[in-house]
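Novice: Using the hints, position chain R against chain Z.
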Amino acid sequence: MPPAVPSLLATNALVVAEGNGDKQFIENLCAVRGIGGFQIEEARGNAKFETHLKGLRDRTGFDNLRLLVVIGDNDDTPGDRFNHIRKSLKAAALPQPNDPFTPVKRDNLTVIIIMLPYTYAAASRTVAKGCLDTVLLPYIENRHGAVLPCVETYHTCVGKADRTKNQNDKFRLRCFIAALFREDPNLALSWVTSPGKNLIDLNDQYFTEFAQYLMELQGFTA
Amino acid sequence: MLKNIEIKNFRCFRDLYLHDLKRFNIVVGESGSGKTALLEAIFLAGAASPEIWMRLRQWRGFAGTNLRLTGSRVSYEGLFRDIFFNFEKRKPVRIDFTDSDAKTRTLKISYPSQEKYSQFSSQDRNQENEFIVEPIVFAWRSKGREQKARVEIKDHQLSFRGFNNVYPIWFSSPMINEGTTIAQSFSELSVRKRTEPLIKAVRALYPELESIGVESIAGDLLLCVSSAAMSEKLPIGLMSSGLTRFLSIMVAIAVNPGGVLLIDEFEVGFYYKTLRKVLQSICAFCIDNDVQIVASTHSYEFIQTLLPIMEAQGNDFNLLRAERHGSECKVKVLSDPVSAIESNFEVR
Chain Z
1 MPPAVPSLLA
11 TNALVVAEGN
21 GDKQFIENLC
31 AVRGIGGFQI
41 EEARGNAKFE
51 THLKGLRDRT
61 GFDNLRLLVV
71 IGDNDDTPGD
81 RFNHIRKSLK
91 AAALPQPNDP
101 FTPVKRDNLT
111 VIIIMLPYTY
121 AAASRTVAKG
131 CLDTVLLPYI
141 ENRHGAVLPC
151 VETYHTCVGK
161 ADRTKNQNDK
171 FRLRCFIAAL
181 FREDPNLALS
191 WVTSPGKNLI
201 DLNDQYFTEF
211 AQYLMELQGF
221 TA
Chain R
1001 MLKNIEIKNF
1011 RCFRDLYLHD
1021 LKRFNIVVGE
1031 SGSGKTALLE
1041 AIFLAGAASP
1051 EIWMRLRQWR
1061 GFAGTNLRLT
1071 GSRVSYEGLF
1081 RDIFFNFEKR
1091 KPVRIDFTDS
1101 DAKTRTLKIS
1111 YPSQEKYSQF
1121 SSQDRNQENE
1131 FIVEPIVFAW
1141 RSKGREQKAR
1151 VEIKDHQLSF
1161 RGFNNVYPIW
1171 FSSPMINEGT
1181 TIAQSFSELS
1191 VRKRTEPLIK
1201 AVRALYPELE
1211 SIGVESIAGD
1221 LLLCVSSAAM
1231 SEKLPIGLMS
1241 SGLTRFLSIM
1251 VAIAVNPGGV
1261 LLIDEFEVGF
1271 YYKTLRKVLQ
1281 SICAFCIDND
1291 VQIVASTHSY
1301 EFIQTLLPIM
1311 EAQGNDFNLL
1321 RAERHGSECK
1331 VKVLSDPVSA
1341 IESNFEVR
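Chains as they are written, first to last, in the numbering used here: chain Z, 1 to 222; chain R, 1001 to 1348.
To be clear, the hints were calculated from the coordinates, so they are not data collected in a lab. Among the hints, erroneous ones may be present.
In silico DSBU-like cross-links for lysine-lysine, where the CA-CA straight-line distance does not exceed 35 Å [stated by the list, open to error]:
| id | chain 1 | residue 1 | chain 2 | residue 2 |
| --- | --- | --- | --- | --- |
| 1 | R | Lys1022 | R | Lys1193 |
| 2 | R | Lys1022 | Z | Lys105 |
| 3 | R | Lys1022 | R | Lys1008 |
| 4 | R | Lys1089 | R | Lys1330 |
| 5 | Z | Lys48 | R | Lys1277 |
| 6 | Z | Lys48 | R | Lys1022 |
Chain Z extracted, bound-state conformation:
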């Protein structure tokens, strides 16, 4: 495989998402909602946040960066996951917000951490277990109500009490994808939010609050 072309930092607003699914979700949401100005990339997993953030300072164009948004998953240990990102920011000598959705500014750079699932946290500033799957699940359950009883039956049958919230949400979303996307029942999460797949309509009002929030973040780039 040829070596990848080194990645430029071409804008003053950077979003670092935990995984490719998160990255594609933000990218697709911005595309369909006409939100511009962000460079969106993935850290390639929770364990790679530190390396990714530590490397940022040395990246050509870092001096022009005004906004850094880090997006991580709460999974089943929201506090730990949030603190892991804070520690990664600290190791990278970057400003560390005290809470999710709370901007912190040092010199010319504002840093914000968004933890998924965002809706609960954004609305009440409380934290909820889960990940991107948790964000997408209520939408898909609501829109494809006909499939819901089947998923519910299967989920109950194979046992959901002994699984964590995060595992259950992933399980259920996977079932919906397999049921609804016949062309490829194994469709990766990174493709699920793609407009071309017609599985998730990111123009739906369910995503409006978050899109609005992203749009407002652009104010930090001024």
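Specialist: Just chain R now, kept in the frame of chain Z:
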């Protein structure tokens, strides 16, 4: 080993301070960002004669010491115009460095206004169009002693006076034809029976080579190699550019123990498949000979290959980025290049 460098008003640097230099220092940056100028500043400060400035000009594509001045002040000063930041000849150049033994060395280049010099030789002095130029002065200070060298024109030839204290610095660049110098250096090593580690290191990478030696070919002394596959010894210039560059660098290291090797465009000549082994060999040989490297490169592949090797050698390295801001260039030491490269970030 150089630890700190301070450069004022030299070429594109108004005021640059680099501290805590390491064994291996790799400079990246866009074309015109000052990478080569940084190497030139170090080379000039370590030198002992203004003749080195003329050599640097020659490597940049200007004429060497065989000049054709037009007999005007502008013509004389044109030789040194680009030595000064923003061509401001009234602001002296100053290059200071401190090495790991806390020894300091300073080079100051200026036109001292109190000193005047007639460009023309004595028999021309009464001519009506006579004018006065100030000679440029290169003043080196080292070991508590300062020696000034003026660049004078006598009998329409530039003349240089030197300083007897040279810091061991070698400049290697694809722009320089190093053939004769390398042959001479190898011969010096050979006379002192010090070629064995060099030959061993080269043969570890190129086992097909049977011998390396200096031969006279059509009157030129050239470094030649032989292998079982060749019926005659061949000058290294006729071999691959990778082998030529590798041998040149290895000879420069061997002949310069405890010194500094400046390498411009380090990556040039090396084939990607052999790059890792070549760099491993150069790094190990530098450590064996206590040689420091300050090198420039444009190649991301080169940096990707080099950083893990340097990490394995004990993290004794810096990655620096030269950046141009208007007419001024700055050099930044990258804080965590390994993370940046691992994340495939553009750092050049």
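Novice: Could you run down the list of hints and mark each one as holding or not?
Specialist: The hints, checked one at a time:
no.: 1; hint: Lys1022/R - Lys1193/R; result: 30 Å, holds
no.: 2; hint: Lys1022/R - Lys105/Z; result: 33 Å, holds
no.: 3; hint: Lys1022/R - Lys1008/R; result: 21 Å, holds
no.: 4; hint: Lys1089/R - Lys1330/R; result: 20 Å, holds
no.: 5; hint: Lys48/Z - Lys1277/R; result: 29 Å, holds
no.: 6; hint: Lys48/Z - Lys1022/R; result: 28 Å, holds
Consistency note: the structure conflicts with none of the earlier hints.
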